[in-house]
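There are 2 protein chains.
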Amino acid sequence: MKIYFAGSIRGGREDAARYFEIIEQLGEYGQILTEHIGNPELTGRGEIDDDKKIHDRDLAWLRQADCLVAEVTTPSLGVGYEIGKATEWGKPVLCLFRPDEGRALSAMIAGCGKAVIKEYQRAEELRAIFADFFGRLIA
Amino acid sequence: MKIYFAGSIRGGREDAARYFEIIEQLGEYGQILTEHIGNPELTGRGEIDDDKKIHDRDLAWLRQADCLVAEVTTPSLGVGYEIGKATEWGKPVLCLFRPDEGRALSAMIAGCGKAVIKEYQRAEELRAIFADFFGRLIA
Numbered sequence: 001m002k003i004y005f006a007g008s009i010r011g012g013r014e015d016a017a018r019y020f021e022i023i024e025q026l027g028e029y030g031q032i033l034t035e036h037i038g039n040p041e042l043t044g045r046g047e048i049d050d051d052k053k054i055h056d057r058d059l060a061w062l063r064q065a066d067c068l069v070a071e072v073t074t075p076s077l078g079v080g081y082e083i084g085k086a087t088e089w090g091k092p093v094l095c096l097f098r099p100d101e102g103r104a105l106s107a108m109i110a111g112c113g114k115a116v117i118k119e120y121q122r123a124e125e126l127r128a129i130f131a132d133f134f135g136r137l138i139a
Numbered sequence: 140m141k142i143y144f145a146g147s148i149r150g151g152r153e154d155a156a157r158y159f160e161i162i163e164q165l166g167e168y169g170q171i172l173t174e175h176i177g178n179p180e181l182t183g184r185g186e187i188d189d190d191k192k193i194h195d196r197d198l199a200w201l202r203q204a205d206c207l208v209a210e211v212t213t214p215s216l217g218v219g220y221e222i223g224k225a226t227e228w229g230k231p232v233l234c235l236f237r238p239d240e241g242r243a244l245s246a247m248i249a250g251c252g253k254a255v256i257k258e259y260q261r262a263e264e265l266r267a268i269f270a271d272f273f274g275r276l277i278a
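Read top to bottom, the protein sequences are chains A and B. Residues 1 to 139 (the numbering used here) make up the first sequence, in order. Residues 140 to 278 (the numbering used here) make up the second sequence, in order.
Any given hint could be a false lead.
Below, a sample of chain B positions facing chain A; criterion: calculated Cβ distance under 7 Å [as the list claims (entries may be wrong)]: (1) Q203; (2) S215; (3) A243; (4) A249; (5) C251; (6) V255; (7) I256.
Keep in mind that the hints were calculated from the coordinates and are not lab data. Positions of the beta carbon are idealized from the N, C-alpha and C atoms, including for glycine.
Using the sequences provided together with the hints, build the complete structure.
Shown next, in the form of structure tokens:
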């Protein structure tokens, strides 16, 4: 199973440590194509490379992926863009959202209908969410 | 000409006044399907309605639209999602970005290749950007 994990980079790295934990847990289910998103050394400046090259590489990975798992607590244009593509391409999508400080999830994501939306607070809660999501995918 | 304007709602309303100015200028070129995005009374809580209803209405508008104009300075999942759909559907896309405080635009947007990206600082600069973008659309 190839898993595309999406999290904010240039939108803000506040949740970078959480992305790392998620990627670690996801590793039990398959190969993570985007491990760099959990790298604590990756700052909000993002990867220093040509944007077109980054875009085309990431989109090629997303096309190859069996599913998209997105952490959607920090608003991010790139994560939204990837959810838009993945739902259009018929890929299974799981969105993880940590309700906090009264911020509501985008209606375009929450109301999308083609993505499974799961709220959580602690990384431990993700075990059951992943077991359920990947259990259905494999079944 | 039907224009879909996209700006952040639940991602943050810091730029709401700017969205209003943009919508006013865009009105010279056609009908804006999403005028509510510039409404100063619309807060970061967003529209109080069923998320699925909001999503399906907005996506139906985007399908009808002749083009998408997005203000991408405030990171937003919904705006990213809409750019992902519009580029997939072959719609012309114009993204307006205000470089500020060293924040770089998402590589997924900047490197997308199917969107015209224009940087600006003041609303007055948008006149020439719109004249050029819509001039090419109509030509």
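Results of checking the hints against the structure:
no., hint, result
1, Q203, "violated (16 Å)"
2, S215, "holds (5 Å)"
3, A243, "holds (5 Å)"
4, A249, "holds (4 Å)"
5, C251, "holds (6 Å)"
6, V255, "violated (14 Å)"
7, I256, "violated (9 Å)"
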